[in-house]
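Visitor: Here is what each chain is made of, one letter per residue.
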Amino acid sequence: MADETLTNDASMVQLLSPDGVLQTGGVAAEYLPYIEALSDDDLGQFHRDMVVTRRFDLEATNLQRQGQLALWPPSHGQEAAQVGSARATRRQDHIFPSYREHSVAMIRGLDVFEIVKIMRGTTNGGWNPADHGNFHLYTLVLGSQALHATGYAMGVTLDGATGTGDVDRDEAVIVYFGDGSTSQGDVSEAFVFAASFQAPEVFFLQNNQWAISVPVSVQSRIPLFQRSIGFGIPGIQIDGNDVLASYAVTRKNLDDARSGGGPRLIEAFTYRIGAHTTSDDPTKYRESGVVADWVLKDPITRFEKFLRSRGADDAFFARIDTEADDFAADLRHRTVDLPIPDSDKIFDNVYSEPHPVMAEQKQWLADYEASFGGEA
Amino acid sequence: MTITDTTATTDIGTTTELPLVKALNAGLKKALQDDPKVLLMGEDIGPLGGVFRVTEGLQAEFGTNRVFDTPLAESGIVGTAVGLAMRGYRPVCEIQFDGFIFPAFDQITTQLAKLTSRHEGLLSMPVVIRVPYGGHIGAVEHHQESPEAYFAHTPGLRLVSPSTPNDAYWMIQEAIASNDPVLFFEPKSRYWHKGPVDFGASAVPLHSSRVVRTGTEVTVIGHGAMVNVLLQAAELAESEGTSIEVIDLRSLSPIDYAPIVASAQKTGRVVVASEAPGFASISSEIAATITEKAFYSLEAPVLRVTAFDTPFPPAKLESTYLPDADRVLEAVDRALAY
Chain U
1 MADETLTNDA
11 SMVQLLSPDG
21 VLQTGGVAAE
31 YLPYIEALSD
41 DDLGQFHRDM
51 VVTRRFDLEA
61 TNLQRQGQLA
71 LWPPSHGQEA
81 AQVGSARATR
91 RQDHIFPSYR
101 EHSVAMIRGL
111 DVFEIVKIMR
121 GTTNGGWNPA
131 DHGNFHLYTL
141 VLGSQALHAT
151 GYAMGVTLDG
161 ATGTGDVDRD
171 EAVIVYFGDG
181 STSQGDVSEA
191 FVFAASFQAP
201 EVFFLQNNQW
211 AISVPVSVQS
221 RIPLFQRSIG
231 FGIPGIQIDG
241 NDVLASYAVT
251 RKNLDDARSG
261 GGPRLIEAFT
271 YRIGAHTTSD
281 DPTKYRESGV
291 VADWVLKDPI
301 TRFEKFLRSR
311 GADDAFFARI
321 DTEADDFAAD
331 LRHRTVDLPI
341 PDSDKIFDNV
351 YSEPHPVMAE
361 QKQWLADYEA
371 SFGGEA
Chain E
377 MTITDTTATT
387 DIGTTTELPL
397 VKALNAGLKK
407 ALQDDPKVLL
417 MGEDIGPLGG
427 VFRVTEGLQA
437 EFGTNRVFDT
447 PLAESGIVGT
457 AVGLAMRGYR
467 PVCEIQFDGF
477 IFPAFDQITT
487 QLAKLTSRHE
497 GLLSMPVVIR
507 VPYGGHIGAV
517 EHHQESPEAY
527 FAHTPGLRLV
537 SPSTPNDAYW
547 MIQEAIASND
557 PVLFFEPKSR
567 YWHKGPVDFG
577 ASAVPLHSSR
587 VVRTGTEVTV
597 IGHGAMVNVL
607 LQAAELAESE
617 GTSIEVIDLR
627 SLSPIDYAPI
637 VASAQKTGRV
647 VVASEAPGFA
657 SISSEIAATI
667 TEKAFYSLEA
677 PVLRVTAFDT
687 PFPPAKLEST
697 YLPDADRVLE
707 AVDRALAY
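Those sequence lines, one after another, are chains U and E.
With the numbering used here as the guide, the letters of the first sequence map in order to residues 1 to 376.
With the numbering used here as the guide, the letters of the second sequence map in order to residues 377 to 714.
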């Protein structure tokens, strides 16, 4: 499709070809040292992250189909972009997700069951980022989190917690958003603020080419990684289905940002294999042939070929598949066992400090429910 | 708790006459001195000191890391303030004029107001948004509005509005000390009016309303610049033999109803006044609540005196559009006629 050639740039960084062969020439060369520094265990972990995430996604989608979840936004097809970039973050970094970054959450140490709770309707968030790998809450208003991330990064600079030259201590911020969000004013304003204050921040744009039913060509007539350049923020495009490119380019750009280099944009050029959410029907707006082409570029299949070429055997892959199945089964049990929250939750924590209206209405509801003699 | 006697503390010898704008400046300076996490951010607040000079001299004193000019983007100001608050700062944002708050409406209502709840109390949002509001300055469109009701409708926010320099000095510090987001509506037509500021007093609770003139026949209620109009009306009424009690709301969300209900029960007649259009307004909310809480004491329906339900007109018509003492007294007469 014309839409895809528009956004797939010749300068795109790809370290693994779709048939799993490591690229060494051209734009890839600069990033190879990052890959050479990875152990077999590290690479195996990348695969495990992607497979478990996909299995998790499938289970959550099934739970939604069975009426156990209100909604599910699948990340199918985007595992490489997410896993590579998340594995590139350092312990002290802060992560501001949109609402599809399930594998990033998992890698940063958040029990993704917390995300399931949101989609089941028992909470709107409810974790403290500081206790879960600095992984902040999902944000459903598109692009809003780009400003939060930028403000946070401005605070990191004010604290003097970045730019000292110690990559193991200097902090950086990464914010995830999609191609649709790039049209939101908040993303442009975040570019302006990040550039003005030289925030230590990486804007990680997953261009999955579809904003629900609208193709990326409606959001932009230029490749999206070029969008930030006019704001004074360097942009780079990577093959978003290549976990090694995602890892290496994010690693470099986060380290550049934490070293005083200012903000950066990475566009991960990928494809949303599934629906936007379970409420959506992609057959109404896109051609099955294009989807099939993208399935051939699948990030997990590609990486499996690479690992096999390095000696990984059937037993390794079978073991990970079993782990993923166990993870999914456990998730299902925990989901269906989730209790309905107490009605006090409506009022608690709307404010941090006591509030007379909350107290009055909470008491009223308690009295009202009690008036039914326990039958409410 | 309500303090009705403002003269009790003046004998400490710490009282100074200041215009409201200087009192705010002094309050902000004190907040910056008291807590290194307090930041001031907004458009033109640095070397210029803000278009109303509220922050004059503060950047020179506290440096560009504490008091800084932002890009010209209101959503960006509030959105980055949210991030700074997540980092442990206490940002105080200046929105240059009331009518320019709307580009930030999304960040204020969908993010700032909900993030404490979304985090289930694990994170607080100590952000103050200062908004010079209201008319009577002969300004062009978007520079004279009273948008309080849009925000009062949003759970998770607190709204306050001082009417005097003394309240301005204390309330801005209390707003900054609050762990919840506070919208701080500054009556810009009162910026250059002087009043006593008692630096030695202790602050009264931020969310308390206050009887500022006692009377027996009709209660009139308002906030910000309207309080002065109500006091004028009370003065005029007194010369004609009518005793009016004036209540300064001070807090628009939550509203401190105890003094309001007590006054309504005493006088039986209530007029609520504001510069905002009356439809679905804070005045409407107060009228409804008084009816619920003081029904058997009322001798007349609670009346509203507000701006008309139209866009703010060109400045040469603003004195007709905004309620003045005569319009308040017209409503007082109607209340007394029941």
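Hints in this document: simulated from the structure, not taken from any laboratory.
For each residue, glycine too, the CB sits at the ideal point set by N, CA and C.
Just so you know, not all the hints are guaranteed correct.
Chain E stretches covered by chain U per the calculated footprint, using a threshold of three residues with CB under 8 Å from any CB of chain U [to be verified]:
| hint | segment |
| --- | --- |
| 1 | 480-487 |
| 2 | 550-559 |
| 3 | 644-654 |
Visitor: Could you run down the list of hints and mark each one as holding or not?
Guide: Going through the hints against the structure:
{"no.": "1", "hint": "480-487", "in the structure": "holds (count 4)"}
{"no.": "2", "hint": "550-559", "in the structure": "holds (count 3)"}
{"no.": "3", "hint": "644-654", "in the structure": "violated (count 0)"}
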